[in-house]
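> In order, the protein sequences belong to chains A and B.
For the first sequence, position 124 (counting from the first letter as 1) is numbered 1622 according to this note's numbering, and the numbering increases by one without interruption.
For the second sequence, position 135 (counting from the first letter as 1) is numbered 214 according to this note's numbering, and the numbering increases by one without interruption.
It should be emphasised that the hints constitute simulated quantities derived from the structure, not laboratory data.
Glycine included, every Cβ here is placed at the ideal spot set by N, Cα and C.
One or more of the hints may lead you astray.
To be verified - No more than 25 Å apart at the CA atoms, straight line, and that leaves these computed lysine-lysine pairs for BS3-like:
(1) K1668(A) <-> K91(B)
(2) K231(B) <-> K1503(A)
(3) K1503(A) <-> K216(B)
(4) K216(B) <-> K231(B)
(5) K1510(A) <-> K241(B)
(6) K231(B) <-> K1523(A)
Stated by the list, open to error - Negatives, chain B to chain A, calculated, CB over 12 Å:
(7) N92
(8) V105
(9) D108
(10) R184
(11) V284
(12) E285
(13) A286
(14) R292
(15) S305
(16) V307
(17) V314
(18) H330
(19) K337
(20) W345
(21) D346
(22) D350
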Amino acid sequence: MIEDKLLIWKFKRGSSDALCRIYEKYKDNLLRLASALLNDTAATEDIVHDCFVNFAQSSQRLKTSGNLKSYLAASVANRARNWSRARKRREATGLDEVEPIVSSSKRPEQWIIYNEQLKQLNNALEQLSYEQREVIILHLQGGIRFRAIAKLQGVSINTVQSRYRYGLNKLRSILDSEVRL
Amino acid sequence: MRPAENIEKVIKNTSIETSAKTDKAVLEDIVEAFGKSKRKESAITQPSIWRIIMKSKFTKLAIAALVVIAALIAISQYGGSIGGTSVVWADVVKNTEQAQAFTYRERETQKYGGETHESERQCYFSTEYGFRMDNYKNGHIAISTFTLPAEKALIGIVHPMKAYSRKNLPETEIAVHQQVGPKYIVKLFTSVEYKELGRKIINGVEAEGIEVRDPSIGRTNFPVTSFVGRLWVDVETSYPILLESEIVGDHNGPIEIKTVTDNFQWDIELDAGVFEPNIPADYTLMKE
Chain A
1499 MIEDKLLIWK
1509 FKRGSSDALC
1519 RIYEKYKDNL
1529 LRLASALLND
1539 TAATEDIVHD
1549 CFVNFAQSSQ
1559 RLKTSGNLKS
1569 YLAASVANRA
1579 RNWSRARKRR
1589 EATGLDEVEP
1599 IVSSSKRPEQ
1609 WIIYNEQLKQ
1619 LNNALEQLSY
1629 EQREVIILHL
1639 QGGIRFRAIA
1649 KLQGVSINTV
1659 QSRYRYGLNK
1669 LRSILDSEVR
1679 L
Chain B
80 MRPAENIEKV
90 IKNTSIETSA
100 KTDKAVLEDI
110 VEAFGKSKRK
120 ESAITQPSIW
130 RIIMKSKFTK
140 LAIAALVVIA
150 ALIAISQYGG
160 SIGGTSVVWA
170 DVVKNTEQAQ
180 AFTYRERETQ
190 KYGGETHESE
200 RQCYFSTEYG
210 FRMDNYKNGH
220 IAISTFTLPA
230 EKALIGIVHP
240 MKAYSRKNLP
250 ETEIAVHQQV
260 GPKYIVKLFT
270 SVEYKELGRK
280 IINGVEAEGI
290 EVRDPSIGRT
300 NFPVTSFVGR
310 LWVDVETSYP
320 ILLESEIVGD
330 HNGPIEIKTV
340 TDNFQWDIEL
350 DAGVFEPNIP
360 ADYTLMKE
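Construct the entire structure; sequences and hints are all you get.
Below, the structure is given as structure tokens:
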């Protein structure tokens, strides 16, 4: 946490090195988070890329207080939710074909290299409602507290905790059935 | 994947791998966006001689060097005649202009975005050796900058990062560096409309002051709504003993900067060693 405060302090004062360190420190976490929320390689990569670019341009607006990890995670979550809603609209209007769940072929420029565990987990997570998935991922991977997630989703903390509980139960059941198969 | 009793642990610990080549490409995009953002910030701001003199953060030496060129333009606009000032103030200008070496302290309080930042700088000026500024944060030295005419170099040392930056300075910029600091502020304050504040005792010294309220002086990297600057000089020696400024403006929200410059030691002898950067061996060179 102290390192993050120092990194933000340096970043706000124009340090590219601090920005590089922030990128190295959180890119994996943010890619994992976006990938679990969206289960779409291209969208995940675009969103995390955009999130960092936007962050790089925000040094003057950024406040030194607050948790950097949660800030970046919330930034990715907001973008992911917008993208997810847009995808639903596209699907509803039939404008686009539904994109593959996880790209099986690694494109030359592909950023994420999927392992089997990640693929399996993302596919299981996709069977949850977006809200449940978001609560679970933001809490467990983003390190965001239920109260902050409630604010992000615009619901009560009780609703968030319910979504977490029901979501985990469903996930357990999905993964158990896959193991039995 | 194992059965899901430890599902929370599984989610927390699932790893992801990334392509190093793409990592590098993405990072380059991000750093480029950062650089553009900083250049844009610099381009949309007005050149501020006050800012250069009183608020040199020097975290980006390259930009600072560019701003100095703007300072040269500003000097040509504001400098020159000091007609209309009293004999006393003309003496002050003359004294400060002729001072070969001096030191002073700057303390700054910046209120912005609901936060208050305090910083302190110790500055050393010599017409022979150059200019050195040590920036302190919470009592510890954070950034040191050296303008070295003999080496034609601008060196910045960022101690928390164990890093330094070095930039070559053209002759024209070196000349400008010789003009900045309290020397120029005195000239500036006495060349615009000012109000006489009369006399008062400051730390046991009888001082006479003037006040300027010209927002164009306080122009900085945000629109200024008000600027107040005060200059107090020792009546006996005609050297400045205190400089104060209060800048209020809007920088994506209210911003207030108060600066106090004091602890002057005028026309003293400064050793060449003061202007020797002495960069520790384990510090790395920062890329621009």
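> Are the hints correct? Go through all of them and say.
Hint check results:
1. K1668(A) <-> K91(B): holds (17 Å)
2. K231(B) <-> K1503(A): The given pair, whose Cα atoms are some 35 Å apart, is violated under the 25 Å limit.
3. K1503(A) <-> K216(B): holds (14 Å)
4. K216(B) <-> K231(B): This hinted pair is violated, its Cα atoms lying about 28 Å apart.
5. K1510(A) <-> K241(B): OK: K1510(A) and K241(B) at ~17 Å, within 25 Å.
6. K231(B) <-> K1523(A): Roughly 38 Å between the alpha carbons, so the hint for K231(B) and K1523(A) is violated.
7. N92: It is violated; N92(B) is separated from chain A by about 9 Å at its closest Cβ, not greater than 12 Å.
8. V105: violated (6 Å)
9. D108: violated (6 Å)
10. R184: holds (21 Å)
11. V284: Since the minimum Cβ distance to chain A is about 36 Å, V284(B) lies beyond 12 Å and the statement holds.
12. E285: Since the minimum Cβ distance to chain A is about 40 Å, E285(B) lies beyond 12 Å and the statement holds.
13. A286: Consistent with the label, A286(B) stays out of reach of chain A, its closest Cβ about 35 Å off (over 12 Å).
14. R292: At about 27 Å from chain A, R292(B) clears the 12 Å cut-off, so the statement holds.
15. S305: Non-interface label on S305(B) holds, nearest chain A Cβ at 21 Å vs cutoff 12 Å.
16. V307: Given a closest Cβ separation of 25 Å, the condition holds.
17. V314: The claim stands: V314(B) keeps its Cβ more than 12 Å from every Cβ of chain A (closest is about 40 Å).
18. H330: Per Cβ check, H330(B) is inside 12 Å of chain A; nearest 8 Å; violated.
19. K337: holds (19 Å)
20. W345: Non-interface label stands for W345(B): nearest chain A Cβ at 31 Å, farther than 12 Å.
21. D346: holds (34 Å)
22. D350: holds (30 Å)
Hints 2, 4, 6, 7, 8, 9, 18 from the earlier list are contradicted by this structure; the remaining hints agree with it.
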